[in-house]
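In case you want the letters, here they are:
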Amino acid sequence: MNNDAPILIIDDEPDIRRFVAMSLTAEGWRVQQAATAAEALQCIAQQMPCLALVDLGLPDRDGVELVRELRSWSSLPVLVLSARSEERDKISALDVGADDYLVKPFGVGELLARVRALLRRAAPQEESPQLRFGEIDIDFARRRVLRSGDEVHLTPIEYRLLTAFVAGRDRVLTHRQLLREVWGPSFVNSPHYLRIYVGHLRQKLEADPARPRHFVTETGVGYRFCP
Amino acid sequence: MGFVTATLAVAALSAALAPWRNVLDAANIVMLYLLVVVGIALVFTRAAAIFSAVLGVAAFDFFFVTPRFSFAVGDAQYLLTFAVMLVVGLILTQLTAGLRQQAMRATQRAGQVTALYELARQLAGAASNAQVDELVRAFAARTLGGRCELWLASRGGQPVRVEDGASQVPLELGLVFAHGNPLEHDDEHRPDHRCLLLALEAPMRRRGVCLLSLPVSLVDEETRHTARMLASLAAIALERLHYVEVAHNATLEMETEKLRSVILSALSHDIRTPLTVMLGLADTLQQTQTLDPAQVRDLSGAIHGHATRLNDLAHKLLDMARLQSGKLQLRSEWQSIEEIVGAALAAVTPHINAAQVRTELPATLPLVEFDAVLIERVLCNLLDNAIRHAGPHASIVIRSTHDDTSLSLHVADNGPGLPADHADWLFQPFQRGPASGGGGVGLGLAICRTIARAHGGDLLAHNAPEGGAVFSLRLPRREPPRIESEGEGA
Chain A
1 MNNDAPILII DDEPDIRRFV AMSLTAEGWR VQQAATAAEA LQCIAQQMPC LALVDLGLPD
61 RDGVELVREL RSWSSLPVLV LSARSEERDK ISALDVGADD YLVKPFGVGE LLARVRALLR
121 RAAPQEESPQ LRFGEIDIDF ARRRVLRSGD EVHLTPIEYR LLTAFVAGRD RVLTHRQLLR
181 EVWGPSFVNS PHYLRIYVGH LRQKLEADPA RPRHFVTETG VGYRFCP
Chain B
1001 MGFVTATLAV AALSAALAPW RNVLDAANIV MLYLLVVVGI ALVFTRAAAI FSAVLGVAAF
1061 DFFFVTPRFS FAVGDAQYLL TFAVMLVVGL ILTQLTAGLR QQAMRATQRA GQVTALYELA
1121 RQLAGAASNA QVDELVRAFA ARTLGGRCEL WLASRGGQPV RVEDGASQVP LELGLVFAHG
1181 NPLEHDDEHR PDHRCLLLAL EAPMRRRGVC LLSLPVSLVD EETRHTARML ASLAAIALER
1241 LHYVEVAHNA TLEMETEKLR SVILSALSHD IRTPLTVMLG LADTLQQTQT LDPAQVRDLS
1301 GAIHGHATRL NDLAHKLLDM ARLQSGKLQL RSEWQSIEEI VGAALAAVTP HINAAQVRTE
1361 LPATLPLVEF DAVLIERVLC NLLDNAIRHA GPHASIVIRS THDDTSLSLH VADNGPGLPA
1421 DHADWLFQPF QRGPASGGGG VGLGLAICRT IARAHGGDLL AHNAPEGGAV FSLRLPRREP
1481 PRIESEGEGA
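Protein sequence lines correspond, in order, to chains A and B.
No gaps in the numbering here: position 23 of the first sequence is 23 in the working numbering, and each next residue is one more.
So the number in the working numbering is just where the residue sits in the second sequence, counting from 1, plus 1000.
Wrong hints could be hidden among the right ones.
Unchecked claim - Derived coverage of chain A by chain B (criterion: at least 3 residues anywhere in the stretch with Cβ under 8 angstroms from a Cβ of chain B; other residues may be distant):
| hint | segment |
| --- | --- |
| 1 | 26-40 |
| 2 | 193-199 |
What the hints assert, rightly or not - To give an idea of the interface, some chain B residues facing chain A are shown, with a C-beta separation under 8 angstroms as derived from the structure:
| hint | residue |
| --- | --- |
| 3 | Asn-1311 |
| 4 | Val-1373 |
| 5 | Glu-1486 |
Note that these hints are calculated values from the structure, not bench results.
Quick reminder that beta carbons are idealized off the backbone N, C-alpha and C, glycines included.
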């Protein structure tokens, strides 16, 4: 990843751009700003950013459409900024490929945490055949899951769900995305499967399944896996 | 049927009289034939009676007038007898048939009066225009043997069909509505039917038009009279409903007005206070030269706190507006109770020490259908409330109970419990409990109950016997869809 690549802020409200830009610059990132979708595409044409913050309520274009277009030709990480009234748009944006979202109003701390997580994920990392979180060890090569050293038995679907979570770690995965990936496209409208199996994973892998720390619920949107 | 009977009767009489023809006088034989005519006219149609009169004359001539068994007449006088016999027969037919029709009319009229009375009784109990329409249509079909439509004046002034809201007003109907005079014309949609258009004249105003379509054969003065009665009964019922609605709206408006003034005063306080503080703090911050960094941090922290409170208020107001506008669309999906409780706990964690909340939920709880975002909001609100009222060291327990048709979540705290009169105000918007200490805006429980009811459930509160308040969120439930079990191993 090119460290000089800027973070592109796309929002029509100048004061929001200003405080986001200030806090990102203070952390050492370069920042570019765009007030409209057209301006944003121009910026991207000149220099590829390392991350785009996209407000869903843009004056000239539907934010979801912008995300879809970006996703059609680049894997640029996209963080969606949405007001609460745009809840459906937020899910649509995630479904078409946005990586994460922040609900306005958001605090600077939250913003920086999300930006760091997305950039960390985008950075090339060696594919490790092992993952460790909490008391859990996963050995992907041998398809084995250990909890405090003891083998945990996962059914094939539970294991598939776990690998889907791991592949999308730190990211919001919508219900549709998970259902499609684990069960197949004909299951996208059967969320009860997901509820049951996420429950199973939590029972088997969380210290306190009632208060999950790794398989986190994003209510109304999906789940986030935080190793 | 009448013709067959007439033929048989004349034949039988002729056969019965044959042996007595020398004993009986011709005049008496004529009388007996006329008696048959009266009998036929009483029971059968007019045509059958006329037929029996003619047949009687012929039979009399054939069997009893010399030369017998021929239509030839020996004595020319008999021609007069035949003529008189025929005329008397026809007159009798006419009189008898008229009598019979009158009797039938009287029965029919009595039936219609009974039906009208029954209709008036039912209309008095009708609770909506649609119900009036339904009753009137049933009456027209049953008693008048035709179809009926009610057209009522709409807000725009033009009549609208009650049954389906059609607003394409036929020309004649428009005329009747404008002038109030009844009209009749052939029904262009149904052959042999006539349309009767009657204005629905109520004491205060013309309410609309009643359109009847009846078979031509049934339209007479009697029917017209019944139709007029029908229209005026319907008009009075409609006017009564109109004034019931006016009275109801007036009450509603008064209540809305009262609520609005409560909301406005509460809002102006709840919005202005944090705004005043934020303005003041921002102004103070501008004079940074006299502040040390610790003070700057302090002040901006306070601004942050008040902005958060305002944001919370904005959320609740938006929720309330959305819930009350009636346009709320639930995004109900099969959800796991344990998951939603976990999400709510995670959301309130900044304010609540996790150790204070104990969840006692069995791992085998069934899935329930609800809108996760809204129900999470309800649970967050209940947890927030519990902490606020039971104090910072409160301990909170979340339990569940369920049966075949519902599942309830109970949030219990160990605080002072609810005041004795809580039922009256607890769930009203902008009401704060005596111990709320100024936190919150008093919208929370009103929103929560609205959300619960939108799901077909409810939110109830009571004091636990061992002390502390318990809020119970009840959600309806049905059997969740089956999950295909996966083959083990693989």
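Minimum Cβ distance from Glu-1486/B to chain A below 8 angstroms? 5 angstroms, holds
For the segment 193-199 of chain A, do at least 3 residues have a Cβ located nearer than 8 angstroms to some Cβ of chain B? holds (count 5)
Restraint satisfaction for Val-1373/B [CB to CB of chain A, less than 8 angstroms]: It holds, given that the least Cβ distance between Val-1373/B and chain A is near 4 angstroms, below 8 angstroms.
Do three or more residues from the segment 26-40 of chain A put their C-beta atoms closer than 8 angstroms to C-beta atoms of chain B? violated (count 0)
When the least beta-carbon distance from Asn-1311/B to chain A is tested against 8 angstroms, hint result: 6 angstroms, holds
Checked against the numbered hints listed earlier, the structure breaks hint 1 alone; every other hint is satisfied.
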